[in-house]
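Put chains B and C on the given structure of chain A with help from the hints.
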Amino acid sequence: MATADTLAKPPAPALNWQTLAHSGKRRRSVSQSTLLAFLVIVSLPIILPYFWMVVISFTARTGGISTDVLWTACAVIVPAVLLYSVIHASLPSPRLRLVAGAVLLAIACALLIALIGDRLHFDNYRFLWRANVVEEIRSKATAGGQFPSVWTAFRNSLVLALSQTVIIITVASLAGYYISRFAFRGREAFLQGMLVLHAFPAMTLIIPIFLILYWVGLLDTIVGVMLVLATIELPFYVFVMKGFFDSVPWDIEMSAMTDGATRRQAFRLVVLPQVRVGLIAVSVFAFIRAWEEYIFVRTFLIENKNWVMSLYLFWVADDIMGVDYGIVAAVSVFYVLPSLLLYVFCQKYLTQMTIGGIKG
Amino acid sequence: MARIELKNLRKDWGEAVAVTGLDLSIEDGAFVAVLGPSGCGKTTTLLLLAGIYSPSAGEIAFDGARVNDVEARDRNIGIVFQSYALYPNMNVLQNVMFPLRFKHVEPAEAERRAREIAALVRIDPLLERRPSQLSGGQQQRVALARALVKQPHLLLLDEPLSNLDASLRLSMRTEIRRIQRELGVTTILVTHDQIEATTMADRIVVMNAGRIEQEGTAEDLYERPETLFVASFIGSPPINLFDGHAESGAIKIHQGAMALATPVNGPVVLGIRPESLTVNGSGMPARIVAVEPMGREVLYTAESALGIIRFLEAGPDARHAEDDNIALSFSPDDGLLFDKTSGRRLDARVAA
Amino acid sequence: MTSFATAQIRRRRANFGLFLGPTAILLLLFFIAPVIVDVGVAFTDMGRTLSVSSFTLENFERMLTRDSRLLASLGITAIFVITTLCIFNVGFALLLALVTTSVSARVGAFFRAIWLLPRMSPSVVYALLWLWVVDPNERGLLNQIVVHVLGLPPIDLRNNHPLVLVILANGFIGASLGMLIFTSAIRSIPEHLFHAARADGAGSLAIVRHIVLPALRWPISYMTIHQTLSLLVTFEYILLITAGGPFYDTTVFSLFAYRRAFENGQYAYGAALSLVLVIIGVVAALAMWRLMNMKELLQPPRIEVH
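Protein chains in written order, with this note's numbering: chain A, 1 to 360; chain B, 1 to 352; chain C, 1 to 306.
Isolated chain A, as found in the complex:
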């Protein structure tokens, strides 16, 4: 039986609280700054190229790529950001920070305009209103064939992405709801099947899918690409929608049915509105995915009569990249913008998607 004697004696001498306080302060600031420095350094390879692309699109003339404008801009922006973080850390009140930040912003803008303002121009964006940009530069378009207006490609991409999203939303919601709510023979098997399909890499089937599209006559059509794209991601989305339906309380449906609705009406009128967040999340994700699609469109659209943005950019780059980086950069910026905007504004929806506890 243990007695307390061996345990009761306080550690002697008492701890030196002052040295501990000093080492505590030091440790905390060192570790926080190292972590922050690490994050900044590894994120630079991502931030810089995108920023560079934007800079090129607004400054480059015919010729090769250059980096002087980039470095000048960085020389202004980086100290400004550093200065602001120091200000943010040392000033307590939010209003003071806002004022200081605004002043800093004004100074940085003025500096930028003074240093590189004369280099900025919209010329590279002329592809938006002139369709023959490539032909003008190289006197004829070689790799890409006859280039359409960028707006044709934009329209096609939009049609592709939107219709694919509509298909996915409808089909995945229907299936997700059914699996979540109904008892049917093979329910478990179906769900397991979905899981296996989700884990299975669809890219391996690109060759046979090509053949199937050829046989049903959908090769070289946007409809064909649309259907394939929708199907490839379907298991994942069915899972996600099922997850959202799972979290809708049964009581709501039950009361709808006692109020006289059939299951289908209950689904449409009562349950579906509850999973609005899920629908938005899936739509945004599916849209972004279809907007960026390259490999399927490249493989399944063989003649260049159906242009989408990814192909447009690819062929423009292929043709004139060695000669005029500015236009290529401008097209890139134009192409990235919708994805980026959607991503930034719908971020909180995107993080809601879960699949049995794994968020992605």
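To be clear, the hints were calculated from the coordinates, so they are not data collected in a lab.
Here the structure is a predicted model, which is why all the values come from computation and not from measurement.
Using N, Cα and C, we set each Cβ at its ideal position, and we do this for glycine too.
The hints are all genuine.
Far from chain B by the CB rule (all over 12 angstroms, computed), these chain C residues:
(1) 10
(2) 58
(3) 75
(4) 79
(5) 155
(6) 160
(7) 276
(8) 277
Straight-line Cα separation of at most 30 angstroms, DSSO-like style, residue types lysine-lysine; simulated pairs:
(9) B:7 / B:340
(10) B:103 / A:25
(11) A:25 / B:7
(12) B:340 / B:252
Same frame as chain A, but now just chains B and C:
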């Protein structure tokens, strides 16, 4: 062991203030309970002491030295969380030995000390098990052992008994008290249950909405509550409170009035504990509206000139029935008067 | 049977068709059928004409004996998958998750958002950016640093070290998914465990070792398998950045099948090569399915009326 001092301590997250204006002094070896409703800031205070949170203002001192900047791992504090927070990937012995790793204790010595404290807390047969294989009471004792094995300056307990069932609660109360007395370690217990506070601790600190309302022994809090909050929080069944207006030596309450021995003016609240009221022939008339036998006592609810009033009588059988007319009286010392706006108790008495 | 019962049965069948039908049809057409077609075509002699004239085992024979490039491609695939997986998809992802959860929440979220940017941008744009970064003359971003900061002659990653380029490009994308998964797992560790460890005297490294890593065991194994599979079959970025070259120097197995089919017109051979991947994919998918807890995912239905 350490003497703990909080000086004007404040913790806020922007607009949300968790605790403010905390001034407290705790002697070496004392057992103090911090009592208050949920959300009053008691757990925040605990985490401030442990160094998990940094104060927004004010100072924490151990033995007179300021420890605001000392990291949690250097404070040598043992803490038992409400959820026990046992490491799921280690067995009981490894859990208890864990703190000794960071004190650079040899593994053999660490194991010896762990087994010793395990015996003290009576978990020795469980050392090979994983936390998921233990009951709530067992997990709690493992958490206690882990907190004590490092010979802490200060032991912090966050609602240690709230997740246990009634009988276990009773036995753990005595266990914790016994261990604390044997080891003599300064202990702070946080709870919302006044029975826990009064039965385990030497001194009680009552907190409400981030502030300390009153500090003292159980008796101090019961007999001389400094604020309305303390008066209504301490004591079960809760004190009867009557809103009234005092002027010219008397209070007007509801449909009744009472003479005052000390002159007071303004809106006041009169408090009378149910146990202070007795049924006799010559007091305030009242009509019983509810009878609740509670075993040892019977709780009556009655309508009087002052309003709805509750009183107790020894049980188990009820001596009165609904609709009975009775007369209630109380000793003037048992009538507590509070200023309605500030909530502070007034140094005034009703007349006999 | 009462009319109610027959109506119920009829409606149940209708519901089954209505709700699950579209999914089943799409999956059958473009998921299941291709697998069967692939198996079939692999045994034919389909070439540029897309017509079948005979059934043969020639493709497999060629795979195993006559295709010298295939062996090289397998080697490249192995290097590519293992390196990208360990360094980026799991390694760096873990590091990013740990670091972004150790700084303040908003800062962490900001940097995670930055690391998701490559995944969210269109692949063509991402590939273009890489091409500009590794531009062989002095003006490429990478060479700016190599020449002006390190003082070395400019390097041409695309022609001289294409595998490195491809690993980097895929790595930056791959790290982001793992980072998300691991971050989510770290965030779901109950806060009290961290408090208790800190009060017990543990420093940050000890906390990572004793609290965080044990909780990440399952996500790490799941991610490893998932990403291995993903790296085995993905070739989009490789196609865009190096087109599998120079020559076949960065042609991983999946790209090899693609090129044989679409560049050389050898569709049957391509199908045979793909079949290998399909089999690996099925086996891995089944293995991963076993790892997940099926019971958790299925709630029993509580309404029985249709």
